[in-house]
Every structure is written in C-alpha cells, then in structure tokens.
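Trainee: Protein chains in written order, with this note's numbering: chain H, 1 to 184; chain E, 1 to 104.
Watch out, some of these pointers could steer you wrong.
[To be verified] So the derived label-pair ranges between C-beta atoms look like this:
#1 Q68(E) to T121(H): 26 to 34 Å
#2 R172(H) to Q68(E): 26 to 34 Å
#3 K93(E) to A100(H): 26 to 34 Å
#4 P104(E) to Q118(H): 45 to 53 Å
#5 K36(E) to T145(H): 24 to 32 Å
[What the hints assert, rightly or not] The following residues of chain E were derived to be distant from chain H, with all beta-carbon distances above 12 Å:
#6 S2
#7 P6
#8 A7
#9 L28
#10 E59
#11 Y66
#12 Q68
#13 F74
#14 R79
#15 R88
#16 E89
#17 N98
#18 Y100
[What the hints assert, rightly or not] If you want the ones that stay clear, here's a sample from chain H, every Cβ over 12 Å from chain E, calculated:
#19 P8
#20 A9
#21 M22
#22 F29
#23 S44
#24 T46
#25 A150
#26 T164
None of these hints come from the bench; they were simulated from the model.
Ideal Cβ placement from N, Cα and C applies to all residues, glycine included.
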Amino acid sequence: MATPTSLPATFVSGNVLTAAQMNDLRGAFRVLQVVSTTKTDTFSATVAIGTTTALTGFTVTITPSSTSSKILITYDALLIWGNTNYGMKAILTRGGTAIAGATGDAAGNRTRISSLGQNGTQSFTFLDSPSTTSATTYGLIIGHTNTNAADSNVVYLNRYGTDTDSAQNGWRSASTITAMEISA
Amino acid sequence: MSTNYPAVLIANYPSAQWTLEGDTYDGLTWLSDTPKPTQAELDAAWPQVQYANQCTAVEAERLIAYEQTSDPVFFKWQRGDATEAEWREAVAKVKADNPYPPAP
C-alpha cells in the first residue's frame, strides 16, 4: 500500500511527480466516498419462529464510481429480543438479499448469519465486491433464536421491550450503518 | 403518557404480525389478515395493558424480596426460632415496600 507520508509537504510550481509519488497519491485517495445512516428512532416487529424480517429504515445506499471498487460495510445495531435468554440474529443484505459471503458457511439446517448477540449492540464489518456502478442498498434482516411458540417473538431496535418511561430503567439508543467505496 | 404500541399489540393481539417504525401509530404496518386495529382502539387499551405490566413487575419484585427477607423468617419459624407473627410481619413488609399501582 502506498503511503502519502512520503510525499512532499507542499508542492510548488514546476514540480514533476515521480511514478512512486503518483502511486502514493493514488493510495491516499482509496476511500472515494463514505455514506452513512444513523437510525435514531425505534423499530419493532413480530418475527415468527424461524423467520426473519427486514429492518426498515436501517439501510444505506451507495453508488460505486467503478465496477472494480470494493464497498466496506460496517454496522453497529442495538438489537433486543422482547424476552431474555435468546439471541438476536442479523444478516447483512445487498438489495434486500442476504450476502452469502457475509455469513457463516452452510452447515446442515443451521441459519447462516452475519452476527449474533443477546440484547445488545452488534457490530460487523464486511468488504463487498458488488461489481456495479448502480445505486446499491445495504441493510439488515433480523431474527431471533427463540423456539418457544408461547413467547411474543417481538424484536426491537434502539429500545427495550418494556420501554419503561423513566430515566433509570428506560432508554433509547442510535444505530448506524456505513458504506465506504474503496478504489481497487 | 404516550401509548406503548408494541406492548398493547403483544397483550391484545398476540397472534398478529406487524412492524412498527418509530413510536407512533403512523409507523404501524399490519401484516396479518385480521383487521388492523385503529389508533383509538390501541390508545384506549394502553392504560389497562400498562397496569397489567406494572403489576407483573411488582410481582417479580415481590418474589425477589420474599426470597431475601420473609422466606428465611418462614424457615426460622418452622425450626422454632421465630414466630408466625414475625413471618407474617415480614411478608406484610414486602407487600408494603412493593405496592401495586392504582388501577386505571
């Protein structure tokens, strides 16, 4: 990787860059654009056992400038299941479809997911190769690991299930998904 | 206090499928084949749901307090190291310290 620290501190009229310096400049601009969505309101949904739902309002859209660009996706999402002791699953999507490379390997009937957590913030990073210059939307679909049909199976983003209206027990959080275009 | 729509939906429409973006009725998407409840219906149900949830929380607090305070007195009474009156007093204190909210 080129390092821009090897470039001159300033350029003056008449400077002619060497190939190495031009490569340094190229390397310095590998992050071509950054787009981010921070969702500060809440999301709640029923999710039947063994199913998932799209996390609406928590997407980011980026239009790559080149088909050779990579897209670095990160998300930090505070996901809560309405009852305790079960995990919240999250799967990174492109265009609403799970990105296979951003999930674990197939293994029998096991669900392939990007991240899992129990009532807390989940973080995940993935370098995608969408090979397109069209607007591309990334997001999450979420589910839970509960198998008890008697439970409510409601999942939440940025709030707790009981959502007590008090400074001591109630809270609201923010969740962010970010896309960065990285030049090849 | 504003209505906690998920809480009302869980309590009164346990089989329904829905999503709610934000906290207001406008963000409610009804996925079930059953009729979508109106905002007025959900708002009207909220006080009773809230009361029931608060009572459940009080019962949970009482269970913890019983285990920590009155249950030991009960076993002391069984061994002859305390009186029934002392045990009943301990139980009464747990209830007094964790009162139910006023009904709506």
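Trainee: State for each hint whether it applies.
Mentor: For each hint, the structure was consulted:
1. Q68(E) to T121(H): 26 to 34 Å: 32 Å, holds
2. R172(H) to Q68(E): 26 to 34 Å: 32 Å, holds
3. K93(E) to A100(H): 26 to 34 Å: Distance hint for K93(E), A100(H) is violated at roughly 59 Å.
4. P104(E) to Q118(H): 45 to 53 Å: 34 Å, violated
5. K36(E) to T145(H): 24 to 32 Å: 29 Å, holds
6. S2: 8 Å, violated
7. P6: With a cut-off of 12 Å, P6(E) comes too close to chain H, as the shortest Cβ separation is near 4 Å.
8. A7: For A7(E), whose nearest Cβ neighbour in chain H is about 7 Å away, the distance does not exceed 12 Å, so it is violated.
9. L28: 9 Å, violated
10. E59: 14 Å, holds
11. Y66: It holds; Y66(E) is separated from chain H by about 21 Å at its closest Cβ, greater than 12 Å.
12. Q68: The claim holds: Q68(E) sits with its nearest Cβ about 20 Å from chain H, beyond 12 Å.
13. F74: 29 Å, holds
14. R79: Given that every Cβ of chain H is farther than 12 Å from that of R79(E), nearest at about 36 Å, it holds.
15. R88: 31 Å, holds
16. E89: 29 Å, holds
17. N98: Non-interface label stands for N98(E): nearest chain H Cβ at 15 Å, farther than 12 Å.
18. Y100: 16 Å, holds
19. P8: Non-interface label on P8(H) holds, nearest chain E Cβ at 52 Å vs cutoff 12 Å.
20. A9: 50 Å, holds
21. M22: Given that every Cβ of chain E is farther than 12 Å from that of M22(H), nearest at about 48 Å, it holds.
22. F29: 37 Å, holds
23. S44: Answer for S44(H): violated, closest chain E Cβ roughly 4 Å.
24. T46: 5 Å, violated
25. A150: About 9 Å separates A150(H) from the closest Cβ of chain E, which leaves it inside 12 Å; violated.
26. T164: 9 Å, violated
When each numbered hint is compared with the structure, violations occur for hints 3, 4, 6, 7, 8, 9, 23, 24, 25 and 26.
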